Each structure stands twice: as C-alpha cells, then as structure tokens.
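Using the hints, position chain B against chain S.
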Amino acid sequence: MFYMSLTNWNIFGTSEFIGLDNYRRLLDDPSFRTALRNTTLYALIHIPLTFVVALGLALLLNKKFRGVTFFRTVAFFPYITSIVAIAAVWNMLFSPEMGPINQFLMWLGVENPPGWVVSTDWSLPAVIIVQTWRFMGYYMLLFLAGLQTVPAELYEAARMDGASAWKRFKHVTLPCLRPTTFLVTVLLTIGAFRVFDLVLIMTNGGPGQSTLVLSQYIWQRGFEQNQFGYASAIAVVLFAICMVVTIIQFIWNKRRED
Amino acid sequence: MTQDLAPAPADLLTPAGDPAATAPRPRAEDGPDAKTIVGKTLGYLLLLIASVGLLLPFVWMIISSLKRNVDVFTNPIQWIPDPVVWQNYVTIWERTGMSTWLFNTIFISVVVTFLQVLTGSFAAYGFARMRFPGRNALFMAYIGTLAVPWQSFMIPQFVMLSNWGLANTRWSIILLQAFGAFGVFLMKQYFESVPESLNEAARIDGLSEYGIWWRIMMPLSVPAIAALTLLTFVNTWNDFLGPLLYLRSNNLWTVQVGLRTFIGQFASEHAMIMTGSVISVVPIAVIFFLGQKYFVEGIATTGVKG
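In order, the protein sequence lines correspond to chains S and B.
Residue numbers for the first sequence follow the working numbering, so the first one is 1 and each next one is one higher.
Residue numbers for the second sequence follow the working numbering, so the first one is 1001 and each next one is one higher.
So here's chain S without its partners, still in its complex pose:
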C-alpha cells in the first residue's frame, strides 16, 4: 500500500514510481479537503453523541425490572440489521415532503422542517443520526458489561454516606468504568474515521459533496476512476490518522492511570 501510494498505478497495470507527487496533489485537491473536513465533523459529533446515549441507556438498563431483556434486545437489534435495508428505510423516513419524520416535526409546529438527505446542510446530520441509532446498542452492551464489574459495596457505601445519584455516578461509576470508557472511545474513534458503507448507500457522498468522507473518496478514486496510486495515498493518510488518534488516546489513558 505504501509503495502503491508512490506510483501512478492505473487499471491497465502500468505503474511508474513518481515519488511524493500523489501527496503533493492531495494538498491541492479540494475534494480531499472536503472529505477530510466532513470526516472530522462527523467524528466530532458522532463520537460524543453515541457515547452519551449508549452510557445513558446502559445506566437505565443496568437494573433488574420487568421488561429489561426486551429493552436490551430492542436497543441491540439495529446493530445486527442489514445496512442496505437500514439505509432504504431511513431514506424514506427522512423524505422531505411526506416522510414521517418531517410530518412529526410539522405536527410539533416546525414550519420549515429540514430537507435531510436531499439538503446539503442536513445530509451529514441525517447520516450521523442513523449511525448513532445503529451503534448505540452495541456500545450500550459494552457499557453494561463494564457496569457489571463495578462492586456493589461501593454503591452501598456511597449511599450510606448520603451521596446523591449524580455524585454516586461521578465518583463511583465513572472511575470504575474507566477501562470500558477508554475501550468505547477508541472503538468509536476508529469507527468514525472509517465510516463508509452507510454513507455510500444512503447518500453516496451527496448531495454535492456534502457527505463525502475519506473512505468513500478512496473508493471513488480507486474503483470508480481507477487511480489506484492516488487512492492509495488517501488510504495512507486515513491509516495515519487512525493510528495517530489511537496512539494519542493510549498515551492519554496511561497518563490518567498513573
């Protein structure tokens, strides 16, 4: 892959070593910049949103009560459902004129509901909503598993000392949950930067380039325009971003533990 990124390889199998030219081209490529910006924006919203929703769900469902299994199952179901079907149904729900979501918004009194997937401003939020919906059950499960490891005595002790629910959460749950929160953050980050299949199916990067993300740009250049060399250069950048972010998170986690 690294070698390929230094060539101008194309579908005819001819490749020629051209050094760093591909990377120089990347710097001046407005589509690449758009893709990078969209991916970053996506990550900045999707990661905290999914984190908070998943943790919230896990806390609500970390008790024994009637129907808890049902709720857990429901939350997890989107994660195992086929992405093509998901994209199809959400595209219909988001339909600007007669879609149920906009009908609901109008019923609530919103006069100009967003155009979602057909609007350049709202397509990225639409993708983020679907992706959060899809993954929150999975991360909820990781949080639930983490919550099982929090010793019950600690809660008892905190309650005895008169700590409020919020204080118990802040001083007992969160510290004990640190390995899980770290894992979830790392997984979410890697997942966010590699986001692809949903975008490809739901919006295909559009309208315009409003949802173009890095992975998809690799796909476009590589498999639609057969510029394997140039696409590999983008792939190297994506790989580097994932690695750097993960390493930073590992170092940060180590510091906090010490």
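Keep in mind that the hints were calculated from the coordinates and are not lab data.
Remember, predicted model here, so these are calculated numbers, not experimental data.
It is possible that part of the hints are untrue.
Covered stretches of chain S (in silico footprint by chain B; criterion: 3 or more residues with CB under 8 Å from a CB of chain B, positions within the stretch not fixed) [as the list claims (entries may be wrong)]: (1) 188–196; (2) 217–226.
Heads up, simulated BS3-like pairs for lysine-lysine below, C-alpha to C-alpha not over 25 Å straight-line [what the hints assert, rightly or not]: (3) S:K64 <-> B:K1040; (4) S:K63 <-> B:K1293; (5) B:K1040 <-> S:K167; (6) B:K1035 <-> S:K167; (7) B:K1035 <-> S:K170; (8) B:K1040 <-> S:K170; (9) S:K170 <-> S:K254; (10) B:K1035 <-> S:K63; (11) S:K64 <-> B:K1035; (12) B:K1040 <-> S:K63; (13) S:K167 <-> S:K64; (14) S:K64 <-> B:K1293.
From the three backbone atoms N, C-alpha and C, an ideal C-beta is built for every residue, glycine too.
Below, chain B without anything else, positioned relative to chain S:
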C-alpha cells in the same frame, strides 16, 4: 403482590423532599418511596420513548412492505395498510433474482462461518496453549489488524486477488472472510478459562495436540463457538462492501448487493423496496432472537477484556 403494593399509597402522600419521612428508616426495609416511584416512572418513560425510536424504522418497513406503492407516503400517515398487499412478497420473487441472491448469501455465509470457527479455534488453541518464541508479539500483531480500517488496504487486496484470478468469484469473499482476528481473540479468551490440568492429563494419556483441541477444548467451548458462529454468520450475511467490490456478475450477487441494485433501478417503488428489505432482515432477526444470549456474551467478553 399485596405486600408490595401496601406501603405505596402512604408513601405517595409523603412529600418527596421531606427528609424526616425517609431518612430515619433503615435501608433494609426501604420500600418504594415517592422519589423512587417518580424516578422509575421517568425511567420507564425514557425507555419507552427510546424503544419507539429504535423500533419505528422496522415497524415502518413492515407496514410499507404491505402497502400499495401510492399508500407509502400519505398525509396523515396510514398506520394500517389498506388494502393489505401480500402480493408484494410474490412479485419481488418474480421480478428480481431474489432466489439466486438468497442462495448465494446462504452459501457464502455458511462456508465462511464454518471456516472462521475452524481457523479461529485452531489458531486460538495455538495462542492459548502452545509455547513458542514470539507468541505474544504475534498475537498482538494479529489483534492489531482489527484496528486497521479495511478501506486503507482494500485496494492492494483487490489488486492481489485480481492477479490470482479470484475477483468475481465466490471464493474471493470466502477467502477474505475465512480468517479473522476477532474469532481468534474470542476463542482464546474462552480456551484460557479451561483449566490447564485437563490438557496435561490428556497429554499423559497420549493424546496429540490436535486430539486435545478437537476432543477436549472444542466440546468444552460450546458457548464460545456458538457466539462466534452467530456473529460471523450475521456479519457475513450483512456484508455489503466486500460483495459489492468482488462480485460483479449478477448471478453471484448476495441479497445486500442485489437489493441495493434494485433500489438504484426502481427508486420510486417504495413498497417493493421495503418488501425486499424485510426479506433481507427476517433471517437475521430469527437467528438473533434464537441465539440472543450468545450474541450478548460474545460481544461482552471480547469487548471488555480487549
């Protein structure tokens, strides 16, 4: 039942913020006071809203799949299809290659799952029980591959498989998915919980390492095998990008790729698209509800110990 309910009315009348009413009571007899009742109701309400949000897309999918195309988008929304068009489920078989797609998907999923469990457990046995130099480093490197985005190496991989003449065959997908670090990780976690003394005893009795793997470890690891089987099957069934890239002829397509193409061609046939979606989801839903426990266990163990 009556015992549980009896104190409730009295507690409801107690002002929630009055510490004198609740504080002196010993913890052990703590009944549902006003605060917890409000909290519980709120919790239930939140969960109810959440589940409506989570399930609504599926409900919409099923309802729309039974409607006439003109009834899909109406204002107000038609929640009960009228008339109910079961015919959609017949039409889709006639108009698309659904049966071919389903066959391909089942074939690929079954073969991949079988190979994954085989290679995964085999490699996991090596990592869990054999001692050889560089074992831990090799294992870490293998697990590290999970963190690398597929998108970043899909091009060289595609070039490699094309050179081998495997592109546009089922074998490309099977080969790509037959080995996975996730399966090795899952199985290794489980194998390590099996006491080592069992292996020792078997070794003394003259069983080979292969024999131990097959006769001792595998039968003891049924839950892990079940989890891996279900997760792999579902993943392969839902895989979209791999088949999209490698399976170009439409007699090789999986349900996902086929459905996607159908949507591309007949974007305005909303009811039919939903019918296809339901067909692609139902097998997974059935498998999920039957083996729910294993899914959850599989993800919980690998997730947390990772």
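Checked hints:
no., hint, verdict
1, 188–196, "holds (count 4)"
2, 217–226, "holds (count 4)"
3, S:K64 <-> B:K1040, "holds, 12 Å"
4, S:K63 <-> B:K1293, "holds, 17 Å"
5, B:K1040 <-> S:K167, "holds, 19 Å"
6, B:K1035 <-> S:K167, "holds, 17 Å"
7, B:K1035 <-> S:K170, "holds, 20 Å"
8, B:K1040 <-> S:K170, "holds, 21 Å"
9, S:K170 <-> S:K254, "holds, 20 Å"
10, B:K1035 <-> S:K63, "holds, 17 Å"
11, S:K64 <-> B:K1035, "holds, 18 Å"
12, B:K1040 <-> S:K63, "holds, 11 Å"
13, S:K167 <-> S:K64, "holds, 22 Å"
14, S:K64 <-> B:K1293, "holds, 16 Å"
Checked against the numbered hints given earlier, this structure breaks none of them.
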